[in-house]
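Chemist: Using the sequences provided together with the hints, build the complete structure.
Spelled out, the chains give:
Protein chains: 2
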Amino acid sequence: MRISELSTRSGVPLPTLKFYLREGLLPPGDPRGVNQADYGDDHLRRLRLIRALTDVGGLRLRDVRSVLAAIGDERLPVHDLLGVTQAALGRAHGGDGDARVSDPAVADTIARLLATLGWEVGAEAPARRSLAEALVTLRGLGWDVTEDDLARYARAVDPIAAEEVATVPDHGTRGEIVEHVVVGTVLFEAILDALRLLAQEHHSARRFVGVA
Amino acid sequence: MRISELSTRSGVPLPTLKFYLREGLLPPGDPRGVNQADYGDDHLRRLRLIRALTDVGGLRLRDVRSVLAAIGDERLPVHDLLGVTQAALGRAHGGDGDARVSDPAVADTIARLLATLGWEVGAEAPARRSLAEALVTLRGLGWDVTEDDLARYARAVDPIAAEEVATVPDHGTRGEIVEHVVVGTVLFEAILDALRLLAQEHHSARRFVGVA
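So the sequences go chain by chain: A and B.
Read left to right, the first sequence gives residues 52 to 263 (my numbering).
Read left to right, the second sequence gives residues 52 to 263 (my numbering).
Keep in mind that the hints were calculated from the coordinates and are not lab data.
Being a predicted model, the structure only gives us computed values, none of them experimental.
Keep in mind that a hint or two might mislead.
Said to hold, decoys possible - Distance ranges between label pairs, derived from CB positions:
id: 1; chain 1: B; residue 1: GLY193; chain 2: A; residue 2: GLY123; range: 19 to 25 Å
id: 2; chain 1: A; residue 1: ASP131; chain 2: B; residue 2: THR197; range: 50 to 56 Å
id: 3; chain 1: A; residue 1: SER153; chain 2: B; residue 2: ARG163; range: 43 to 49 Å
id: 4; chain 1: B; residue 1: GLY91; chain 2: A; residue 2: LEU192; range: 20 to 26 Å
id: 5; chain 1: A; residue 1: GLY173; chain 2: B; residue 2: ARG113; range: 41 to 47 Å
id: 6; chain 1: A; residue 1: THR67; chain 2: B; residue 2: ASP154; range: 34 to 40 Å
id: 7; chain 1: B; residue 1: ASP81; chain 2: A; residue 2: GLY193; range: 33 to 39 Å
id: 8; chain 1: B; residue 1: ALA202; chain 2: A; residue 2: GLY173; range: 31 to 37 Å
id: 9; chain 1: B; residue 1: ARG96; chain 2: A; residue 2: PHE70; range: 39 to 45 Å
id: 10; chain 1: A; residue 1: ARG116; chain 2: B; residue 2: ARG111; range: 34 to 40 Å
id: 11; chain 1: A; residue 1: LEU127; chain 2: B; residue 2: LEU95; range: 50 to 56 Å
id: 12; chain 1: A; residue 1: GLY193; chain 2: B; residue 2: ASP154; range: 25 to 31 Å
id: 13; chain 1: A; residue 1: PHE70; chain 2: B; residue 2: GLY193; range: 41 to 47 Å
By construction, the Cβ of each residue, glycine as well, lies at the ideal position given by its N, Cα and C atoms.
Modeler: Pasting the structure below:
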C-alpha cells in the first residue's frame, strides 16, 4: 500500500508517519519508482506498537526508541526485553529512572519482604523505588507500615500478576509481547485502582452510613 | 503560640500561613494585642490536614476548600464527607469530575459487575468513570475484557479495601478521618501498584528466563 493508505488504515496522520520514517522508528517501505514506496502489514503492526507505547504507555520518544531497539536485538532475552519495557514505563510515570532506595531501613524492609515472599526481583527494578518512596512518605506522616501489612497487599496482587504474566502470548513476536505487556500493565493498573476505590466505597457505606 | 512558632512547628512557611489565613483555610488565632494572635494545637492539626490534602492528595485549592467546608458541616454524614473527599481525589488525578460513562454497553457491564459482587456504589462515584475509560480503551485495542475477568480483579482487592476501611480511626475527628482516607487512598495505591509490578517481574522471570 502507499503511504496515504497506511495513514488511513493505521489512523496515524501523514506528517506523523513521515516523522517516524525520518526518525527511523518506522522502517522504510519497498521502493516503487521515484518518491514512492510500498508498505505492508509489518508497517501496520509497527505503528500499532508505537501507538501503544506512546498513547497507552505515555513513553517519551527516547524511550520508544530504546524499546524498539531492544525488540530488534534478538540476542536480548525476552525477560530482559520486558525489563527494558518496564523501566521505560516507570520513567513515563514519574520515576527518574534511578532505582536506588535512599533510606537504608526502607531498603532493608523491602529486601526482607521480597525474601519472605520468595520473589525474584532485580536490584534495578523501578518498582522497588516507587514502593520505597511511598513507605518513606508514610513514615514521615507517622504511619507505621509493617512488613506484615506489605505482605498482605503482596499476597492479594500475587495471583493477579501470575495470571497477567501467564496470558502474555506464547507465539507472538517480540513486538506483540511488548505491546501486550504495556497495554496490560497500564490499563489493568487503572482497572485495579478503580475497583479498589469502588470496594472502599461499598465498605465505607456499610461502616459509615447513618454515622453523623 | 505566635505565628512564627506555628510556622516552625508545622514546617509551613510564613507566607503560606498568611495566605491560608487570608483564604480562610486556617481559622484566625485568638487576638493578643495589636497585630498579634495566639495559635494552638487545632491550628497545627488543621495545617497537617491541609498538607495531606495538597502534598499527598494533590488537591487543587478549590477542592481543599470544598473538603474543609464538608468537614466543617457537621450535618453532612461521614459517608458523604468521604464521597466529597474521593471526588476531589478523582479530580486531582486526571478525572474531570464528570462521573457519567459515555458507552452504554460498558456502563451496563459495570452495573452488572457491581450487582454480582453485591457492592453498593453511588451512581456518581468517580471510579466508575475511570474503570469505564480503561475498558473502552482496551476494547478499542481489541482486548475483550469479560465480566469474569473484572470479578477476579475485584475479589482480589475486596479484602484489602475492607481492611482499609476498617482501619479508619473510630474516635477521630472528621478532619482526622479525612486525613487518614486521603493518605491511605493515595499512598497505598502506590504500594499496591508497585507490588503488582514486582510480582509481575517475579512471574516473568519464572516464565521467560532462558527464553531467547
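Chemist: So, for every hint listed, does it hold in this structure?
Modeler: Hints, one by one, checked against the model:
1. B:GLY193 <-> A:GLY123: 19 to 25 Å: holds, 24 Å
2. A:ASP131 <-> B:THR197: 50 to 56 Å: The hint (50 to 56 Å, Cβ to Cβ) is violated, given that ASP131 of chain A and THR197 of chain B are roughly 32 Å apart.
3. A:SER153 <-> B:ARG163: 43 to 49 Å: holds, 46 Å
4. B:GLY91 <-> A:LEU192: 20 to 26 Å: holds, 21 Å
5. A:GLY173 <-> B:ARG113: 41 to 47 Å: Since the Cβ atoms of GLY173 of chain A and ARG113 of chain B sit about 43 Å apart, the hinted range of 41 to 47 Å holds.
6. A:THR67 <-> B:ASP154: 34 to 40 Å: violated, 27 Å
7. B:ASP81 <-> A:GLY193: 33 to 39 Å: Cβ of ASP81 of chain B to Cβ of GLY193 of chain A: about 27 Å, so the range 33 to 39 Å is violated.
8. B:ALA202 <-> A:GLY173: 31 to 37 Å: holds, 33 Å
9. B:ARG96 <-> A:PHE70: 39 to 45 Å: Violated, since ARG96 of chain B and PHE70 of chain A (Cβ atoms, about 54 Å apart) do not stay within the stated range.
10. A:ARG116 <-> B:ARG111: 34 to 40 Å: Between ARG116 of chain A and ARG111 of chain B, where Cβ atoms are some 35 Å apart, the hint holds.
11. A:LEU127 <-> B:LEU95: 50 to 56 Å: holds, 54 Å
12. A:GLY193 <-> B:ASP154: 25 to 31 Å: Since GLY193 of chain A and ASP154 of chain B have Cβ atoms about 43 Å apart, the given range 25 to 31 Å is violated.
13. A:PHE70 <-> B:GLY193: 41 to 47 Å: violated, 25 Å
Hints 2, 6, 7, 9, 12, 13 from the list above are not met by this structure, while the remaining hints are.
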